[in-house]
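There are 2 protein chains.
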Amino acid sequence: MPVRLQPAKNLLPVPGIRLASTSAGIYARSRPDLALIEFGQDAAVSAVFTRNSFAAAPVIVAKRHLVNNSHRYCLINAGNANAATGESGIQAALTSCSKLAELAGCSVEMVLPFSTGVIGQDLPVEKITNSIPTLLAGLSENNWNQCAETIITTDTVTKGVSRQLELDGCTVTVTGIAKGSGMIRPDMATMLAYIATDAAVDKKILQRILDNAVNRSFNRICVDGDMSTNDACLLIATGKAKHNLITDSKDANLEKLQTVINEVCEFLATAIVRDGEGATKFITINIKNGQSVQECLDVAYAIATSPLVKTAFFASDPNWGRILAAIGRGGISELDTSQVSVYLNNCRIVHNGARDKDYTEEAGQQVMKAEEIAMKVDLSRGEADATVWTCDFSYEYVKINADYRS
Amino acid sequence: MPVRLQPAKNLLPVPGIRLASTSAGIYARSRPDLALIEFGQDAAVSAVFTRNSFAAAPVIVAKRHLVNNSHRYCLINAGNANAATGESGIQAALTSCSKLAELAGCSVEMVLPFSTGVIGQDLPVEKITNSIPTLLAGLSENNWNQCAETIITTDTVTKGVSRQLELDGCTVTVTGIAKGSGMIRPDMATMLAYIATDAAVDKKILQRILDNAVNRSFNRICVDGDMSTNDACLLIATGKAKHNLITDSKDANLEKLQTVINEVCEFLATAIVRDGEGATKFITINIKNGQSVQECLDVAYAIATSPLVKTAFFASDPNWGRILAAIGRGGISELDTSQVSVYLNNCRIVHNGARDKDYTEEAGQQVMKAEEIAMKVDLSRGEADATVWTCDFSYEYVKINADYRS
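Respectively, the protein sequence lines represent chains L and H.
Each residue of the first sequence is one higher than the one before, counting from 5 in our numbering.
Each residue of the second sequence is one higher than the one before, counting from 5 in our numbering.
Certain hints may be false.
Which copy is meant is left open, so a pair is good if it fits within one copy or across any two.
[Stated by the list, open to error] With a straight-line Cα cutoff of 25 Å, these simulated DSS-like cross-link-like pairs (lysine-lysine) come out:
| # | residue 1 | residue 2 |
| --- | --- | --- |
| 1 | Lys13 | Lys361 |
| 2 | Lys361 | Lys131 |
| 3 | Lys373 | Lys67 |
| 4 | Lys403 | Lys373 |
| 5 | Lys361 | Lys67 |
Just so you know, the hints here were simulated from the structure itself, not pulled from any lab data.
These numbers were taken from a predicted model, which means no experiment stands behind them.
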């Protein structure tokens, strides 16, 4: 059960984008597992990928194809990550792309492949290529919900959101979908995300918009601290909206669009945490008054990845000593612990590095019972701050990850 | 249930060391919770402490007192960490030391305090000071087992070992005890360890022996990746043995003694992992042919702290993709993944960065069923290597840490 998160619904079509999905039989059981996103070859595409050295074959191929300036398709399968599959994995990804290119009448470089699922198994290429005609025949502007459903793996709900804004009097739509639940950590969380808009944006500006948005969303979440081999986040701007093309970083429309893309990315990123494997609590960790954003992040992730802190949240136990222990190993070399304060919601638990005199165990327990908890750590040594989202660590987490594959 | 580990027994007395323990009532239930170790003031003492910024009050006080060259007592309580207790915590530790000093007729700096247990609660000083006469009256050379029992918290068994060696024809004894089960991570694992020998060693040499031993034992273990506020490891050399004092780093006796101290520390460190919270498997991770020991350690700890890897071990599931994903986020910037091999015991699972052609799932499962598993990762890029010990992640881990305190 995700923490206060409903399945994606009413996702708005984005002019210039068509989608399709089908059941190619990659999973043993029948479920949709292959999706296609189509866009005009004049659409601008920007992307961010995992930094894992064991990047999957589709990540390697998609990066190569992105060097091109013209793209038309994202081909996405669930059920198999095509990761740690060596040169034959690369060939498998390329074969899938070639087949689509052949049938769609475009070059192979115009196809970007993506995979998610179990690592280390050969991609069932024939199942994919056999399903491509079905995908092409099924393309529709209205298939966002189906695609959101197709790309999920251990997720318990689909993740998607739409927003609209006005640019030069034109209504512009932004719709995004994502998958992710486990193997989630800072440097591009383990996930796939596809965000599309009909806004007209120069490609370089689009990449900057995506980088900005990702750095405050997908790069700020943590479920288990593990980093995927297959992470990818795409932002596609079809340019179908009639406002003036955004080419200048000072364009007033840029800020408006950035704000909405940020919102969409934050929604999707936090949705991944809310649906984190076994999650029963959604925790916002805000570190303030650090000397740098990096040191704030280091402390935030020390807390967010601490199994002891996460199990205490699961138990609704205000065991704040574990929070202090995590802060203390956060890598700040000259931390004056006597200046540190810790709040759970508005309850100040730690003041001057020790238990707040007015704090009572009852007050702490009251806060910890909630499904959503905001933790604030004041380092009192600077002006930087950073926010990270995480979830708790439950029996269910162990069950999910001990049973996955079997 | 620890993984193939018996409770400490038959611990040998160390000439020059006397010990005592009692139930001071720090725990609500009746159990021994206060221990005393006494040694002659001419004994050499060396120590290693946690690097956590939120070092506990006893750590701060013990470090101060260690600046002195002469010590006589370790006063150790379980049930309360006296950490994150601010200035009053320091006073509490000092009051305990003063009372002992007064009754034993020594200076307060001759007493080294240690605490382990829940963080953030005031130390019940009176319970401790009231029990000191009992401790002093109960001192005996034969109380190692009782002390091993007194210092444990979430440990399920006591941890201790004795070894003997010959130096210049004299029999020398080394006996060590330790506690630790959770909040265990590289930079001084979360633990207390007391190792004593009647060898005669100059203090500076003794510190070097301890640093060497700790770097290949207590600094190479990981249960949950959390770092304690209270870690401490002491090595005491009473000098009662009649061999020549070891003052020179080229002394032939030094190597002999170092080897035995290494053995004792490795036994105690791996005992902590074997008794890791909820552990059902004991895993040795050896990273070889890296460019530096540090990069080998980075990769080893990425694997050892990965909840996905640890839950796969719990499930006896050879889900080696998770191992590769952890290696890939281990921080090596230019890792040629096509050179990486992974072995579980003698079974080569990954060769040239992908599944070994001869590997079968059955073979992997066979290895994973065992209680002890050796993982070897060959990075094929240098000549350095490092070994780390860890355990799996089970339902029981979550249970222990969700229930602790309540």
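Results for each hint:
no.: 1; hint: Lys13 to Lys361; result: neither (47 Å within a copy, 44 Å between copies)
no.: 2; hint: Lys361 to Lys131; result: between (65 Å within a copy, 23 Å between copies)
no.: 3; hint: Lys373 to Lys67; result: neither (44 Å within a copy, 39 Å between copies)
no.: 4; hint: Lys403 to Lys373; result: both (23 Å within a copy, 18 Å between copies)
no.: 5; hint: Lys361 to Lys67; result: neither (55 Å within a copy, 28 Å between copies)
The structure is inconsistent with the numbered hints 1, 3 and 5, although it conforms to all the rest.
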